[in-house]
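Asker: Sequence:
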Amino acid sequence: MNNVFYYLAAEGAETLPLEGGNSILLPKSYDIVWSLIPFIIIFLVFWKLVLPKYQEMLQEREDRIEGGIKRAEAQQAEAKAALEKYNSQLAEARQEAAEIREQARERGKQIEAEAKANAEEESKRIVAAGNQQLEASRTKVISELRSDIGQNSINLAEKLLGGELSDSTKRSGTIDQFLSELDHVAVAGK
Numbered sequence: 001m002n003n004v005f006y007y008l009a010a011e012g013a014e015t016l017p018l019e020g021g022n023s024i025l026l027p028k029s030y031d032i033v034w035s036l037i038p039f040i041i042i043f044l045v046f047w048k049l050v051l052p053k054y055q056e057m058l059q060e061r062e063d064r065i066e067g068g069i070k071r072a073e074a075q076q077a078e079a080k081a082a083l084e085k086y087n088s089q090l091a092e093a094r095q096e097a098a099e100i101r102e103q104a105r106e107r108g109k110q111i112e113a114e115a116k117a118n119a120e121e122e123s124k125r126i127v128a129a130g131n132q133q134l135e136a137s138r139t140k141v142i143s144e145l146r147s148d149i150g151q152n153s154i155n156l157a158e159k160l161l162g163g164e165l166s167d168s169t170k171r172s173g174t175i176d177q178f179l180s181e182l183d184h185v186a187v188a189g190k
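Letter 99 of the sequence shown, counting from 1, is numbered 99 in UniProt numbering, and no numbers are missing.
Keep in mind the hints are simulated off the structure, nothing from the lab.
If you're wondering where the values come from, they're calculated on a predicted model, not measured in any experiment.
Watch out, some of these pointers could steer you wrong.
Unchecked claim - Quick list of simulated restraints, FRET-style, between CB atoms:
# : residue 1 : residue 2 : range
1 : Gln76     : Ile37     : 33 to 41 Å
2 : Lys85     : Arg105    : 24 to 32 Å
3 : Ala128    : Asn152    : 31 to 39 Å
4 : Val45     : Leu25     : 26 to 34 Å
Here a beta-carbon is modelled for each residue, glycine too, at the ideal position from N, C-alpha and C.
Based on the sequences and whatever the hints tell you, model everything.
Answerer: Shown next as structure tokens:
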């Protein structure tokens, strides 16, 4: 293919006169005129119709981009404000949680102290009730023992004396005397 170009160029150089000859590189003047007319028409149509639409479309796109940037900046500012608000609320919530924990600790100590006091009171009440019950049982046992011992001492005394003690005053006097001797023996044994 290069050979064809070299051949045509060489042939054109031989036949290329300075004025109006057939040249492969330089077209005829009527070709240039008829080529310029559609070019100018297309250029004017492009200049009047296409280029304004293109400029309008570029302007809209630029406005959208600038608007998008402005909206993004506004949203970023809103997000920043929301983040600051969230952080402040979080800090307040943490502080409130710390206060609640502290109050709960204090309330727990208070409840523990109340429970100890109630337990001590209940324990004292139970011990006092137990002491009263023990004292009542002791008194009852002592009175039962006194009557049993008194009866046994009378029976023993009747067997020893060989007679019957019929007098109730003798019985009570003998029983009281015997029991007082037992009390003295018990006190001396301690």
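Asker: All hints are to be evaluated individually against the structure, with a verdict given for each.
Answerer: Here is how each hint holds up against the structure:
1. Gln76 <-> Ile37: 33 to 41 Å: At roughly 56 Å between Cβ atoms, Ile37 and Gln76 fall outside 33 to 41 Å, so the hint is violated.
2. Lys85 <-> Arg105: 24 to 32 Å: Holds - the Cβ-Cβ distance for Lys85 and Arg105, about 30 Å, lies within 24 to 32 Å.
3. Ala128 <-> Asn152: 31 to 39 Å: holds, 35 Å
4. Val45 <-> Leu25: 26 to 34 Å: Given about 30 Å between the Cβ atoms, the range holds.
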